[in-house]
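Top to bottom, those sequences are chains A and B.
Quick note: this note's numbering has the first sequence finishing at residue 83, numbered continuously throughout.
Quick note: this note's numbering has the second sequence finishing at residue 402, numbered continuously throughout.
Derived by calculation from the structure, the hints in this document are not laboratory data.
One or more of the hints may lead you astray.
[Claimed, not checked] Derived lysine-lysine pairs resembling DSS-like cross-links, with alpha carbons at most 27 Å apart:
#1 A:Lys54 x A:Lys7
#2 B:Lys115 x B:Lys158
#3 A:Lys54 x B:Lys93
#4 A:Lys25 x B:Lys300
#5 A:Lys57 x B:Lys300
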Amino acid sequence: MSQPFDKLLDARGMNCPLPLVNARKEVGKLEPGQVLKVIATDRGSVADFQGWAKIAKNVELLGQETESVDGVNVYAHYVKRTA
Amino acid sequence: MRKNGEPVWTTEDLLASLEGREKFFVLDVRNRDEFARFRLEGREPLPAVNLPYFEMLELGGKDEMVDSVVACVEEHLAGQLPRELPILSVCAKGDTSEYVAQGLGLLGYTSANLKGGMKAWGNYYSTRAVVESKELAIYQISRPARGCLSYVVASNGKALVIDPLRHLHPYLELAQNKGFEIASVVDTHGHADHISGGPALASAHGASYFLHPYDAIHPMDVLPATIPYDPIRDGQIFKLGGVELEALHIPGHTLGLVALRLDDRYLFTADSIFIGSLARPDLGGRAEPWARLHYRSLRKLLELPGKMIVLPGHFSSLAEQNEAGLFAAPLEELKQRSHGLQVLAQESEEAFIRYLLENLAPFPPEYVDIKRVNAGLLAPTEDDASVLELGKNNCGLSGGTS
Chain A
1 MSQPFDKLLD ARGMNCPLPL VNARKEVGKL EPGQVLKVIA TDRGSVADFQ GWAKIAKNVE
61 LLGQETESVD GVNVYAHYVK RTA
Chain B
1 MRKNGEPVWT TEDLLASLEG REKFFVLDVR NRDEFARFRL EGREPLPAVN LPYFEMLELG
61 GKDEMVDSVV ACVEEHLAGQ LPRELPILSV CAKGDTSEYV AQGLGLLGYT SANLKGGMKA
121 WGNYYSTRAV VESKELAIYQ ISRPARGCLS YVVASNGKAL VIDPLRHLHP YLELAQNKGF
181 EIASVVDTHG HADHISGGPA LASAHGASYF LHPYDAIHPM DVLPATIPYD PIRDGQIFKL
241 GGVELEALHI PGHTLGLVAL RLDDRYLFTA DSIFIGSLAR PDLGGRAEPW ARLHYRSLRK
301 LLELPGKMIV LPGHFSSLAE QNEAGLFAAP LEELKQRSHG LQVLAQESEE AFIRYLLENL
361 APFPPEYVDI KRVNAGLLAP TEDDASVLEL GKNNCGLSGG TS
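Kindly produce the complete structure, drawing on both the sequences and the hints.
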């Protein structure tokens with residue numbers, strides 16, 4: 001159930017907090033209404049993106065997916081800039 | 001600070017600080033629910049602030065983590081962080097907290113980072129000798145963050161391991177350093193709070209793995225364990241070099257719980273009598289009938305010689321440590337100072353059962369799965385196993401601390 005997105009951020013192999021820090025920068029560069037897809041291997045990113053989207057202004061977490069690639073879990077986060 | 005300005009604390013440094021009652025402040029930047037489930041604890045509560053790192057990012061409002069930490073602390077946290085104490089930054093794995101510690105350092109705080117974060121602390125093991133001679137050596141191997149205790153008993157080069165925890169390196173290293181052969185591994189019961197290292201340790205050494213057959217059935221699933229084991233019976237003797245251990249079947253916390261008695265000297269009480277409380281009887285899902293079994297078993301233990309040293313399966317606070325850093329006390333002393341044992345000794349069976357049932361903390365839902373793992377009915381990944389074991393054990397009564 002992949003979602004459409006406008007930009008992809010590959011944060012695989014990065015440790016916390018970099019997936020979120022980098023995603024936050026990239027979301028800032030989007031136009032309102034556009035969606036950033038972040039892929040990460042850090043399991044903690046799942047809860048962190050949820051917590052962040054709740055408190056950050058102008059950000060909505062549209063969905064999250066987990067996919068196993070060669071036995072490694074890859075977590076996808078779809079983040080929309082709302083305004 | 002233990003390391004004179006060195007901004008990293010290892011888990012070993014942390015344990016020394018907690019045991020030594022060094023004063024420090026904790027800034028924990030994990031999610032709020034992670035903090036609520038599992039936090040650093042000392043003999044007394046530690047002063048702490050929990051502010052998730054992504055909230056620091058938003059509050060600080062900068063692009064980079066360290067800049068955001070500096071701005072966030074200056075504008076929002078300054079009044080809450082002490083200038084006179086070291087501040088230990090803590091996160092899940094020790095990476096994010098490094099940025100936080102850096103930011104605090106830039107602001108002039110005495111700042112340190114917990115290396116490896118709460119994951120490393122949760123998986124840290126500490127080994128201490130209870131007694132050490134050729135005729136008899138006993139080591140207490142603990143996971144301080146979880147309050148789990150296990151033991152290696154050795155005599156004339158042969159060792160028996162009691163309730164080994166999930167990671168095998170502490171037992172393998174000890175056996176290698178001291179030249180023991182691990183002859184037997186005993187699980188005193190089917191554990192609910194942690195994943196046993198018993199079957200893996202036994203098979204790694206060609207040793208026998210012992211478990212009481214009643215605990216080879218999952219109490220909720222009512223399904224038999226798939227792990228291989230040798231059944232323990234009440235009164236069974238484990239001969240080990242020059243000493244003998246006797247199994248005492250003491251159902252209550254589980255149906256197949258056994259204590260191990262080493263003549264009149266040591267009593268491995270497993271999950272029955274702890275230093276600060278008593279074990280809870282409800283983790284099999286049948287609190288009331290198991291509380292009655294617990295009552296009879298505990299009464300039996302009270303009849304044992306008072307000079308015997310109790311070596312329990314858990315602790316709930318570092319405050320239960322004795323001067324030697326061990327979780328150990330003579331039975332006689334516990335009878336004097338344990339509220340639960342006083343109720344047991346002085347009140348009726350019905351009053352004691354009421355006391356047990358009134359002091360049950362909420363049932364941790366993950367305990368059902370942990371029992372499945374220990375019975376071989378579920379095989380978690382390493383990540384899943386870490387999540388199942390997150391936080392401190394909850395095997396004691398909630399109101400039972402002395």
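Now for the hints, and whether the structure bears them out:
1. Restraint check for A:Lys54 and A:Lys7: the C-alpha separation of about 21 Å stays at or below 27 Å, so the hint holds.
2. Among the hinted pairs, B:Lys115 with B:Lys158 is inconsistent with the structure: their alpha-carbon atoms are about 36 Å apart, more than 27 Å.
3. Restraint check for A:Lys54 and B:Lys93: the C-alpha separation of about 23 Å stays at or below 27 Å, so the hint holds.
4. At roughly 65 Å between alpha-carbon atoms, A:Lys25 and B:Lys300 are farther apart than 27 Å, so this suggested pair is violated.
5. The suggested pairing of A:Lys57 with B:Lys300 is violated, with an alpha-carbon distance near 63 Å, which exceeds 27 Å.
In terms of the numbered hints stated before, the structure departs from hints 2, 4, 5, listed from lowest to highest.
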